[in-house]
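S.K.: Residue-level listing of the chains:
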Amino acid sequence: MPTATYEKIQTYTAASAQDTITFSSIPSTYTDLILISHIVPVNNGAAYLGIRFNDSASGYVFGGSYWTGGSSTTRGVYGGTDSQIEIIGNQFQSFGAFTVHSDIFDYSSTSVYKTALTHSRTVDNTSRSLATTWTSTNAISKITIKTNIAACIGSGSMFTLYGILRA
Amino acid sequence: MPIIGSLAGGSSRGLGGLVSFAAAIAVGDFEAIATIEGTNSSKELVFNSIPNTYKHLMIRGIGNQNHGGNDYGNFGIRLNNYSGSTYTAHMQRSYYDGSTGNAQTVNLSGYDYAFCGIAKLAPDSSDLWVGASVFTILDYTSSKTKTVRCISGFGFNTNRGIMQHGISTSTDFTSSVNSITVWSSNSNWTSKTKFSLYGIKG
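Sequence lines, in order, name chains F and C. Heads up: the first sequence begins at 1 in my numbering, then just goes up one per residue. Heads up: the second sequence begins at 168 in my numbering, then just goes up one per residue.
FYI, nobody ran anything at the bench for these hints, they're computed from the structure. Every clue listed holds true.
Quick look at which bits of chain F chain C covers, simulated, 3 or more residues with Cβ under 8 Å:
#1 75–87
#2 106–119
#3 130–138
Idealized CB from N, CA, C, for every residue including glycine.
Could you put together the complete structure from these sequences and hints?
M.R.: Have a look at this one:
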């Protein structure tokens, strides 16, 4: 019997500029998480934006694309290890509002590493499409969206976390 | 209910008048239909008796194939188990091999399955790495050719990663879809593999 799913877990809207947004005590009752981040940047200096799971600052193995060159776009590929999922690159503060879509698979499993697919788009060279595997078998109960300098996530920025449960 | 915090002020509220493409999904428009898991003994995982009451279908899941190499393996889907060599695929693949980024454009024809995804190849049963994938089968009950939209990827082997996205279709398959086979081109799906089918209402 098909069962309705894809439920909103929580929405957070920034009332003032900040640099860290945290979803904690995430219930383990879903299969996948989807995080939609609509960000209104504040230009307080060169900034990039990342996601961490359970406050972990290591073990993010990734590969994917970035785009440079504005209207004459060039695609680059990079990868390696990082201290977070870099969901949008340096200089995002220079552009207008943008949205990041993140799929996080089997987030409560303790038998596999966790993989996330993230996409972000701005008008120029900070866009990213990345596949990242966090090398931990711990269930994800906390997600932090963080910039490297203060108060770059402006008022009106909105973050919504959804849960999808498999049949 | 999760707890949300920030280093400065903020508020937790409903969606209000703000617009997000994901927010357009209402409860009840997206339904979980079935889940299939790998057993270490088959290359094929099959969703049968798919109801025709939705507009689109989505498959989400994680994949791990029992094969040496500690790298990535291709996979895809067959519609109604159709294996005519009429499937095409057009995708962007981004592969980082540990030292070099490779921007690849994938244009294929004559395949006997809709090549969509990539999964982790498992050198042994203790492998913890899996590939993640989302496929959307558009207008699956129509009498037209079907478009499969796909995105797939993962990090692996401590410093490597791959991601690909694009579309695949069969040029002569026009039947209503009532079964989907998730087909590994390399070897059997391991027990780490789980794919789930969802229906999206129109």
